[in-house]
Each structure stands twice: as structure tokens, then as C-alpha cells.
Amino acid sequence: MEGQKVSKNLIQKWLNSAKWSASGGNSQPWKVEYSIHSEKVDIFLTIDPMYKEQRWSPMDVEGMASTMALGALTFGLEVSAAHDAFTLSNIQYNVGQTFWKSEIVLSFIPATGLSCKYSIDDLILRRTNRFKFKTTELPESLKIMLATIVDKWNSQLILSDLTPYKNELIENLVHLERLRWEDHLYLNSLLEEISFSKENKFGIPADQLGVSFIDQQLLKLNCKYLKLRSIFNFGGQYISSFQNFTNPIKNSGGIFFIQAKTKTLEACFLLGYSFQEVWTVLNKEKYGFQPISVPFIAQGLLKKVNLLEKQALAYNSANNFFSSKLNMDINLPMIGFRTGLPTVEVGKSPRKDIELVGKAI
Numbered sequence: 001m002e003g004q005k006v007s008k009n010l011i012q013k014w015l016n017s018a019k020w021s022a023s024g025g026n027s028q029p030w031k032v033e034y035s036i037h038s039e040k041v042d043i044f045l046t047i048d049p050m051y052k053e054q055r056w057s058p059m060d061v062e063g064m065a066s067t068m069a070l071g072a073l074t075f076g077l078e079v080s081a082a083h084d085a086f087t088l089s090n091i092q093y094n095v096g097q098t099f100w101k102s103e104i105v106l107s108f109i110p111a112t113g114l115s116c117k118y119s120i121d122d123l124i125l126r127r128t129n130r131f132k133f134k135t136t137e138l139p140e141s142l143k144i145m146l147a148t149i150v151d152k153w154n155s156q157l158i159l160s161d162l163t164p165y166k167n168e169l170i171e172n173l174v175h176l177e178r179l180r181w182e183d184h185l186y187l188n189s190l191l192e193e194i195s196f197s198k199e200n201k202f203g204i205p206a207d208q209l210g211v212s213f214i215d216q217q218l219l220k221l222n223c224k225y226l227k228l229r230s231i232f233n234f235g236g237q238y239i240s241s242f243q244n245f246t247n248p249i250k251n252s253g254g255i256f257f258i259q260a261k262t263k264t265l266e267a268c269f270l271l272g273y274s275f276q277e278v279w280t281v282l283n284k285e286k287y288g289f290q291p292i293s294v295p296f297i298a299q300g301l302l303k304k305v306n307l308l309e310k311q312a313l314a315y316n317s318a319n320n321f322f323s324s325k326l327n328m329d330i331n332l333p334m335i336g337f338r339t340g341l342p343t344v345e346v347g348k349s350p351r352k353d354i355e356l357v358g359k360a361i
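Residue 14 in my numbering sits at position 14 of the sequence shown; the count goes up by one each step and never skips.
Just to be clear, a hint being listed does not mean it is correct.
Cβ-Cβ distance ranges computed for the label pairs, FRET-style [unchecked claim]: (1) Ser7 <-> Thr148: 31 to 37 Å; (2) Pro164 <-> Leu341: 15 to 21 Å; (3) Asn316 <-> Asn9: 50 to 56 Å; (4) His37 <-> Lys250: 49 to 55 Å; (5) Thr262 <-> Asp121: 32 to 38 Å; (6) Asn320 <-> Gln217: 34 to 40 Å; (7) Lys250 <-> His184: 25 to 31 Å; (8) Val357 <-> Glu53: 15 to 21 Å.
Worth flagging that the hints you see were computed from the coordinates, not collected in a lab.
All values derive from a computational prediction rather than experimental measurement.
Every residue gets a Cβ at the ideal spot worked out from N, C-alpha and C, and that includes glycine.
Could you put together the complete structure from these sequences and hints?
Here you go:
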């Protein structure tokens, strides 16, 4: 593997592969700048202010989810750069007053003899599969592989296998999922994430939602006519939570959660990086993958001064389940995923090219 002279075009090439990384509803919240110093290149990652203004989701509490997306993007950058004989030599965390105002600096230098564990196709072929999976459990060798990925960051992250607790997980977290459909702020944001146009480079394509064509058309009507959304306070929330949470959890071969031990910039970044690598490994092994993001709703409830009764029920139910059964803390950054052998193959979500600009020093 021969190294190339570092240039803007080379960095853009890395980004063209890395842009397929997870970004939470295909929000693509990253802003990327660069600076070249002889053979070394620094890549500066921040949360794009345009995302905060135009595509922000209430699930992205304090920018934690966006910071995770920066970590996911970094995994893709590291893999892509390795194929051009560049190694990620340093990660610098410039902590601002908030995650929104923080910066992560990635330093890449030429290296010889690099071995690439993942191919460029592994990055590009990453998929979110919201359809049913076979319920056959993962082999132990694959579980060990996932644990090794998460454990390599100096014990900053925890991986928990919740597969034996499927029914209890549904019972205790479905209240959070219902809130997502009942609360107008979450609901509006959720519906805005759905894309019914092939030209739209943001959002989730409607045909990848894992629901029937008729349900897709009902969602399309809800996106178009705001008054129809009231059905989610009169029974619709139960149907939607069953279709989008209960049924997928039941129809899976494995349920796992990854948690950061602290609520820091570095911890959220590494959580996103590890999440992306786990996702890539499972897809590489021909397993389907779907994120479980309801813990972010609990994070949002923590920011409210006075909770409604149903909000308190949802939070307490999830909190008690994680703390008593699994010794996990839902108050810390956490994300889950369901996996299993797929029954339906899915396409990739669209991606907008990432704009790369020189860093003003």
C-alpha cells in the first residue's frame, strides 16, 4: 500500500467514504475543516451550526447525539485514510462551554505497513434495517468480537447484552417510545426526518421504515396535514409504538446497549466511534442492524423542571429497569441496537457530500 501526497482532494476522498457513517436520522450534523502541515494533516470536527438551526432533533440533548455522530464519522475517516497509508496519530478534545461549541481535532500522518481491517465497501455498505430479523441468537464468537471493540477504550464504555431481557425491556421502555409519538415536539421532529423524495439527501427514506405501504401513506398524510397528528394522542401512539418498538425488539436475534461512563465530550465521541465500528462489523458479518434511541428521550426528560405523570412514569420505569437489572445508568449517554439475520434486504440512505474548507488559523 503506497502513501499519497496529502492534499485537499485526498481528504475529500476520505470524506466521500466516511459520509455514510451514522448520524441520527440521517441528519449529517458534521462540519469539517482541515489544515496541512508538510505531510501531516489536521482535521477539525465541530457540530454544524446549520444543523442546530434547521435539522436539530429534541433527541439530540445538549448535542450529545451530534458528538456521537462526529465519533462515527471519525471511524470512517480512519478506515479510509488507512487505505491511503495514513494513520490517525492523535485525537485532541477542545472542550467548549457546551458540546455545540466544542471541537475535536484529528491528526493524520503517513505510515508504512498499515493493515486495513475494514474495506471501503464496508463503510459504504452500512445499512439500517428496520424490518424483522430472524430470532437466532448471535454466536459467542461474534459477541466476544463486539465486546472487544467496546472494551478497547480504557474502560470508558460498557456493552450490555439485553437479549435475555427482551420482554422486560419492552415493558419498561415502551412508555418512552409512546411519549415520542404523543409529545408534539418529538413527533414533529420525527415526522420531519422521514423523506418521501429521492432528491432529498437528508432524512430517512419512507420505504426503509420497516412498515407497510399503507402505513407509509398514512405517515405521508400526517407529514402534510398537521391536524391529523392528534390521532397519536387518541390511540395512534399505541399502534405506532408497537410497530416501531415492540415488534422489532421481539423480532431480533440480539439486543445490546452501549453506555458511556461519563457525560464528557470524549466519552460521547468514543461512544459514537464504537457504535459505528460495531455496526460495521455486524453488517460485514451479514447481520441486520437498527439503533435503539429511546434512552435519549429519558435524557430530555431530565432537563424538564416539572414532569407530567406519564413522563414521570416513562422515566422511572426505564431508570429502574436499567439500574436494578443491569447496573446501568440511563442518566448517562447510552444507545442500543437490535441485530439479527435479516429477512429483508435494504438499500442505503442518501448522503449529502460533506463540504471541506480550510481552517482559518
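Whether the CB-CB distance between His37 and Lys250 falls inside 49 to 55 Å: 53 Å, holds
Lys250 versus His184 beta-carbon gap, inside 25 to 31 Å or not: 29 Å, holds
Outcome for the supplied range 50 to 56 Å, where the beta carbon pair is Asn316 and Asn9: 53 Å, holds
Distance restraint hint 34 to 40 Å, applied to the beta-carbon atoms of Asn320 and Gln217: 39 Å, holds
Outcome for the supplied range 15 to 21 Å, where the beta carbon pair is Val357 and Glu53: 18 Å, holds
Hint check for Leu341 and Pro164 - Cβ pair distance inside 15 to 21 Å: About 19 Å separates the Cβ atoms of Pro164 and Leu341, which means 15 to 21 Å holds.
Ser7 paired with Thr148, Cβ distance criterion 31 to 37 Å: 35 Å, holds
Thr262 paired with Asp121, Cβ distance criterion 32 to 38 Å: 35 Å, holds
Hint violations for this structure: none, all hints satisfied.
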